[in-house]
Structure formats: C-alpha cells, structure tokens
Amino acid sequence: MSRAEPARLAVRKTYKLYIGGAFPRSESGRSYAVTSSRGEFLANASKASRKDARDAVSAARKAFAGWSGATAHNRGQILYRVAEMLEGRRAQFAAELTEAGTRRAGAVVDAAVDRLVWYAGWSDKIGAVAGTANPVAGPYFNVSSPEPTGVVAVIAPDEPLLGLVSVIAPVIVTGNTCVVVASERAPLPSITLAEVLATSDLPGGVVNILTGSAGELAPWLAGHMDVNAVDLTGVTDRSLAVACEEAAAENLKRVLRPAALSFSRGGKGSGEGKGESGAGGTDWFADPGTGRLTAFLETKTVWHPLGP
Amino acid sequence: MFEYAPAPESRDVVDIKPSYRLFIGGEWVDSRGEERHKTVNPATEEALAEIAWATEEDVDRAVGAARQAFGAWSRTPGSERAKYLFRIARIIQERSRELAVLESLDNGKPIRESRDVDLPLVAAHFFYHAGWADKLGYAGYGPDPRPLGVAGQVIPWNFPLLMLAWKIAPALACGNTVVLKPAETTPLTALLFAEICRQADLPPGVVNIVTGAGETGAALVGHPGVDKVAFTGSTEVGRLIARSVAGSGKKVTLELGGKAANIVFDDAALDQAVEGVVNGIFFNQGHVCCAGSRLLVQESIADDLLDALKRRLATLRLGDPLDKNTDIGAINSAAQLARIRRLSDLGEAEGAERWSPVCPLPERGFWFPPTIFTGVAQSHRIAREEVFGPVLSVLTFRTPAEAVEKANNTPFGLSAGVWTEKGSRILWMADRLRAGVVWANTFNRFDPASPFGGYKESGYGREGGRHGLEAYLDV
Numbered sequence: 001m002s003r004a005e006p007a008r009l010a011v012r013k014t015y016k017l018y019i020g021g022a023f024p025r026s027e028s029g030r031s032y033a034v035t036s037s038r039g040e041f042l043a044n045a046s047k048a049s050r051k052d053a054r055d056a057v058s059a060a061r062k063a064f065a066g067w068s069g070a071t072a073h074n075r076g077q078i079l080y081r082v083a084e085m086l087e088g089r090r091a092q093f094a095a096e097l098t099e100a101g102t103r104r105a106g107a108v109v110d111a112a113v114d115r116l117v118w119y120a121g122w123s124d125k126i127g128a129v130a131g132t133a134n135p136v137a138g139p140y141f142n143v144s145s146p147e148p149t150g151v152v153a154v155i156a157p158d159e160p161l162l163g164l165v166s167v168i169a170p171v172i173v174t175g176n177t178c179v180v181v182a183s184e185r186a187p188l189p190s191i192t193l194a195e196v197l198a199t200s201d202l203p204g205g206v207v208n209i210l211t212g213s214a215g216e217l218a219p220w221l222a223g224h225m226d227v228n229a230v231d232l233t234g235v236t237d238r239s240l241a242v243a244c245e246e247a248a249a250e251n252l253k254r255v256l257r258p259a260a261l262s263f264s265r266g267g268k269g270s271g272e273g274k275g276e277s278g279a280g281g282t283d284w285f286a287d288p289g290t291g292r293l294t295a296f297l298e299t300k301t302v303w304h305p306l307g308p
Numbered sequence: 001m002f003e004y005a006p007a008p009e010s011r012d013v014v015d016i017k018p019s020y021r022l023f024i025g026g027e028w029v030d031s032r033g034e035e036r037h038k039t040v041n042p043a044t045e046e047a048l049a050e051i052a053w054a055t056e057e058d059v060d061r062a063v064g065a066a067r068q069a070f071g072a073w074s075r076t077p078g079s080e081r082a083k084y085l086f087r088i089a090r091i092i093q094e095r096s097r098e099l100a101v102l103e104s105l106d107n108g109k110p111i112r113e114s115r116d117v118d119l120p121l122v123a124a125h126f127f128y129h130a131g132w133a134d135k136l137g138y139a140g141y142g143p144d145p146r147p148l149g150v151a152g153q154v155i156p157w158n159f160p161l162l163m164l165a166w167k168i169a170p171a172l173a174c175g176n177t178v179v180l181k182p183a184e185t186t187p188l189t190a191l192l193f194a195e196i197c198r199q200a201d202l203p204p205g206v207v208n209i210v211t212g213a214g215e216t217g218a219a220l221v222g223h224p225g226v227d228k229v230a231f232t233g234s235t236e237v238g239r240l241i242a243r244s245v246a247g248s249g250k251k252v253t254l255e256l257g258g259k260a261a262n263i264v265f266d267d268a269a270l271d272q273a274v275e276g277v278v279n280g281i282f283f284n285q286g287h288v289c290c291a292g293s294r295l296l297v298q299e300s301i302a303d304d305l306l307d308a309l310k311r312r313l314a315t316l317r318l319g320d321p322l323d324k325n326t327d328i329g330a331i332n333s334a335a336q337l338a339r340i341r342r343l344s345d346l347g348e349a350e351g352a353e354r355w356s357p358v359c360p361l362p363e364r365g366f367w368f369p370p371t372i373f374t375g376v377a378q379s380h381r382i383a384r385e386e387v388f389g390p391v392l393s394v395l396t397f398r399t400p401a402e403a404v405e406k407a408n409n410t411p412f413g414l415s416a417g418v419w420t421e422k423g424s425r426i427l428w429m430a431d432r433l434r435a436g437v438v439w440a441n442t443f444n445r446f447d448p449a450s451p452f453g454g455y456k457e458s459g460y461g462r463e464g465g466r467h468g469l470e471a472y473l474d475v
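Protein chains in written order, with our numbering: chain C, 1 to 308; chain L, 1 to 475.
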C-alpha cells in the first residue's frame, strides 16, 4: 500500500548583504546565527566587516549624484513603488516578523507600507515647507532651499520593519543616499526589504544594508571621512553613542542622537526623546513629523542682483 | 593713481577705559583670576586696554547668572522681549559712529567697512530678530516653540560686533539667556555692547560677557549648565567643540572655515566680475570665512581677467584703518600675519607664482599686501587651506562641469560665486555647488533675513532668516 510521502524539505534563503544594488556575502566570510524569539535557528546572516562598510559607503557616494539630481517627482514615484512592492509581500513580512517576535505583525507591515506612502508624498513638498524667499534689504533676489546632506550612515532601531522603513525613507526621499546597519537581533526582514528595494526602480547604491554588529560597524561609519551624517537612532549603548558622536566630529558630520538614550538636559526636555513611549523606546506608529527629513537637509541660499 | 589727502575719522568719539572687568549678572565684576592681557590696535601695535582672561570660576558665575535670569526672561511675553531688542537696535544706531571707530581701532578693519557694512548689519540684525520674538509660533517650529536655556557663545575676531549680533539677537528673541566670549584680540565692542544692554534696561543676567582666550572658551562650551553651544571660528576648533560636547545632549551650531570658489565664465561682465573678485577676497583683509579665496576663471579669458584684476589691485589703498579712503586695513594680529606669511611662502615653495602690486606697508603694525597666486594646482596648500588673509589663488577651467568639479573639490562648503550672463547656467551651477551660500553676479552680501552657514566641514546650522531660529529653539 501507499507509504506516506516524506515531508518536502524547504529551500532556504541565503541572507546576504545589500551593497550597490547587489547581494554580496561579507568579504570577511563571517556569518552569525539568527534565531527566532523562541530560540529556534532561522538562518546564518552575514556579519559585515569594516571593509563591507567601506564598500557600502563608496556605493552610496557613487549613487549620490544621480539620486540627488533626480527630480523630486521621480523620487516620490520610486518610494511609492517601494510601498507597492512591500504591500505585495505582506504575508512574507508578517511571517518573518512573527518569527522575530513582533506582535501584531500584520498591523506592523501595514504601518510600514503607509509610512513609505507618507514619505513618498514629501518628496516634492519639503522644499516648499523648508525653503524660504528672503526679503533682503537691497536689490537682490534671494531664496533658500533645502538640499540633501549627502551620504548618511544609519544605525537602524531594533524594530525590524517599521522602525527600519521609518529611518530609511526620510533619509532617501530628499535625495540622500545611505548605509544602514540593520537590527542585529532580527536582521532577516532587512534583507527581505532589500529585495523589495531592488525591485522598485530604486537605483543601486541609494540604500545599502549591512547586517552584523552595530557595536563593531557604527564607529567605523561614524568616523568615515566620506560620510556626511550619521543617524544613531538604533544605538542603545550610551558609551557607543558617545564614541560615535566623537568620531563624527572629525569631519563635522551631522549627528541625529538616539532618542532612546536619555541625553535630555536639566528637566526642561530637549529635542531628544519626543514621541517616546513609556518604555523608553520610540513609538514607531506615531506621526513622525518632519524632524527626520530636516535632520539630513542643508539649506542653500542663492543671491542674484536685480536690475533692468 | 590719484593722490589722496589723509581723511582720518576722529577717534575722540570713543572713550576707552584703561582696563575692563567681566560683565556678569548686569554688573562689572572682577575676575577671580590674576591673568590680564592687553588688546592692541593692530595698525599701530599700541595697547588700547587691558582685559581680564576669565577663569573657569568666572565662567561658572556667568553661567549661573544666565541660568538665574532664564526663568523670568523665558516667561517674558515675546512682545516685551521684542521691545528690548528694538531698544538695543536703536541704541546701536545712535552710537554707531562710536562703535565703528572702536571696531576699527581694535580690529584693524577700514572705517569705511565698519561704518558702512558692519554697523548697519549689526543694527539690522537686532531689528530683524526683535520682530520674531512674538511671532515664533508662526516660524514653522510648532505653535509654541520653547527656548533651550543658557546659550554659550564663542565668536571670532574678524567681525567682532557683527558676530555678537548674529549670536545674541536670535538667542534673546527665542527666550534664551547668553554667556558670550568675544575673541581675545577684539573684545572692546562686546564690552561696549554690555553698556548698551544696561542703557536698554535689559534684565541682569540675560546677557553676560566674559573675556579671555581659548581656555575661557573651552570652559564655557564645556560647562554643564550650558544648554546650547554656538561657535564661529576655525574648523580646527569646531572639531574640538563637536568632540567635547559628545554625549552631553547640548545643541550645537558651528560656523567654520571655507575655501570658496569664485567662478568666472567667459561671458561674464568683466568689470563687474573683477569688482566681485576683489570684494570677494580683499574685503576685510580677507579675514572672512566665506571669502572667495579661489578664483576659477575660464581659460579663454584668464589673461584678460588677470590683467584687469592686477590693474584694479594697483589702485587699492592700504593703510590707516581710520582713514576714510582706506581699502585695506591691518591684519588683526601678529599670529594671523605669521600664518598668512607661512602659507604664502608655502605657495611659492610649491611652485605657484606670487604677485602683489607696489604697495608700501606702514612701519609699525601688522600688514600684508594684496597678493595673487597664479599657476596654482588643486593640490597646493594655498588652494586647499584657509589662509584667512588677502591672498587669492587663481585656477582655470574649460567647461562648466570642470568648474563644478574643482569648486567642490574641498572639504569645506560655505560659499561660492558664479559670474556669467547666462541665466540657465547660473541656476545649473547653483544647483551643483555644494555650498551654503551661492552668490551669482555678486559676492559677500549679507542680510539678517538671509540664512548663512555651510555644508560639510564648514559646520552645521544656519544663522539668520527663519532657518536661524531653529538653533535657539527646542525643536
């Protein structure tokens, strides 16, 4: 009689890095085991090295001219396309997030899609909101407009999809390019997100994603002389945050300090820590405001004489 | 060249005391330290007055006074804070001749510039920010943006009173209190400003002035009671400050060095471009962070432009800063003169060709003739480092793309100039230049309504305009 068919063995995905639009392994050959919230083995993720970080920075630099030179309309279209691709993979992300221990994973994916759509719309509006026509005391045309800062290194929060999307989208929608260090604990959704990015008409190198140890990679990125700004949102260790801020001083990088660490001063409350939930973490479902957009914008002011 | 009779502005209008104390909590107080130094007139090396170099303890007292004043000042309605600033603006206008003469004496800049550029801008800066004090809810930072607290402000010697205005006016308009340290070589107008605060009945402690050098500045920036650090000066010191505040949560704005390209295309109005290039690098003896210190000229007109430039330089008058006909005044200090000489010597050693007009220099004081280097390569130190003096490096280019490439080939990003009659090219260039201020067919224009500040290693944050308010608000 018929015997029971042996259960089909699943074909597992190899999780690699995302650099310059390609998916290389770490040049170091290193990897680390990623487990589910229940402790089961999920995959070996690449453990990016200093060299991988440098490669990612040069890919981001190379992509900057084209991406910052694209029209705001075009960047908005592409971010919206990312949202569409993410929506199409809703079930896959929900499953990955559930394994990573995220509760209400479906709602988190929905929020991530919505966040992308929200930021996509900002591409051709931030200039109107952050720019000014300046009435100077003389016969001059004078106008200030926001421009992208350049290459931004982002230490992503341990909120594997919604947090990740919420830090990447505001950086790139204005024309910056970035190198992102994904959540060390739950890196797999970040690489699946890279697959979404790679199929959304986003030029290679605009977003580069490294998995591995933030403690190891963040200081290199903060000290890299071809990085213009660093977003320390995902840094939870106070001494690491301070070390990164010190390293960033070398070429005067713009630094977005981590909200989760209390750098607020004298009980007056400073900019940091706004929108925090009671547990000390950021509430990623909350309205993000424009702060993450403006943190990585420069203001350029152009003068020209008036005359007949 | 015309002969000019001397036309000195009288210095009787200023009353310089033999020595000055610190201005803390609305009073003149003695420093707890012993160290005192003379501030000299760089045009004559004559000692003008003795100033205290504030100690850590003095800085602590000043921050304490500012903290004590903060509560009431930040609760003062914006419309009332505005009136104090309007008052200050008016007193500056009333005493502008006195301030201009004092500035030229202590700094060495020509009276024509302190009188016609610095002082009008100082008054305008207070007037402009006064108007913001009761309109902050409309500035785009939320309905009721709050001040930060105590601002520690360190300013340079090139535009002493103007930099004070750029720092103090927005800080006070936003409801902060300040401790300001002027540069050790140019403290006198800041000390006179303290008197102006008293004439305006500004509440004690809202503005505190501590004099001193780098150690005083470091004590101020590092003081735990300071919520906001604002610095204008060298990139080198800016780096130290950025490093020292790491982990403190202090909000920081830095306005640092530059190596601006002034780019002249072959279709530019040549005479206007020459004036712009001269103004770009020889204004204020080149002691300007946004100075157009690299001239990028299109190869096809390089010879014509250089000839015209040299003819024009031969007419510049260098000498007594208080003479109303003087174009180029004194270098601010012996140390700065040594730096300019060292970098200029390096320029020659590295193979660039040096030229200056015939220009007799006064026997006493610190002087450097207007100087042009041709045959400069991008790798030369005079093309890369900020000289902060009347020294222009000339490079050439063939295409607009090459001009952009060369202009952006610097770690700085403060300003840039473009000279062409073609509108689309101006906008194309302005788009691609990585600099916070782009002057097209003009140069070195400033206005309180116009944001100023740099990209890259020229620092972060903006001063002036709606954008400048962000630096002093808790946003």
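Hints are not guaranteed to be accurate.
[Stated by the list, open to error] Ranges between beta-carbon positions, derived for each pair:
1) L:Trp-28 / C:Asp-237: 43 to 51 Å
2) C:Ala-286 / L:Thr-399: 29 to 37 Å
3) L:Leu-427 / C:Ala-33: 38 to 46 Å
4) C:Val-143 / L:Pro-77: 31 to 39 Å
5) C:Asp-237 / L:Gly-71: 31 to 39 Å
6) L:Trp-28 / C:Phe-141: 17 to 25 Å
7) L:Asp-303 / C:Glu-195: 55 to 63 Å
8) L:Pro-143 / C:Asn-74: 52 to 60 Å
9) C:Gly-127 / L:Thr-399: 52 to 60 Å
10) L:Leu-427 / C:Asp-237: 53 to 61 Å
11) C:Ser-37 / L:Glu-236: 46 to 54 Å
It is worth saying that the hints were derived from the structure and are not from the lab. Ideal Cβ positions, reconstructed from N, Cα and C, are used throughout, including at glycine.
How does the Cβ-Cβ distance of Asp-237 (chain C) and Gly-71 (chain L) compare with 31 to 39 Å: does it lie in that range? holds (35 Å)
A range of 17 to 25 Å was offered for this pair. Does it hold for the Cβ distance of Trp-28 (chain L) and Phe-141 (chain C)? violated (46 Å)
Please test the hint of 53 to 61 Å on the beta carbon pair from Leu-427 (chain L) and Asp-237 (chain C). violated (46 Å)
Quick check on a hinted range of 38 to 46 Å for Leu-427 (chain L) and Ala-33 (chain C), using CB atoms only. violated (54 Å)
Go ahead and decide if the range 52 to 60 Å is satisfied by the Cβ distance of Pro-143 (chain L) to Asn-74 (chain C). The hint (52 to 60 Å, Cβ to Cβ) is violated, given that Pro-143 (chain L) and Asn-74 (chain C) are roughly 34 Å apart.
So the hint says 29 to 37 Å: do the beta-carbon atoms of Ala-286 (chain C) and Thr-399 (chain L) match that? violated (49 Å)
Pairwise beta carbon distance, Gly-127 (chain C) to Thr-399 (chain L), judged against the given window 52 to 60 Å: violated (28 Å)
How does the Cβ-Cβ distance of Trp-28 (chain L) and Asp-237 (chain C) compare with 43 to 51 Å: does it lie in that range? holds (47 Å)
Given a hinted range of 46 to 54 Å, is it respected by the beta-carbon distance of Ser-37 (chain C) and Glu-236 (chain L)? holds (49 Å)
Mind checking the hinted window 31 to 39 Å against the Cβ distance between Val-143 (chain C) and Pro-77 (chain L)? holds (32 Å)
Does 55 to 63 Å hold as the CB distance between Asp-303 (chain L) and Glu-195 (chain C), or does it fail? holds (58 Å)
Going through the hint list in order, the structure does not satisfy hints 2, 3, 6, 8, 9, 10.
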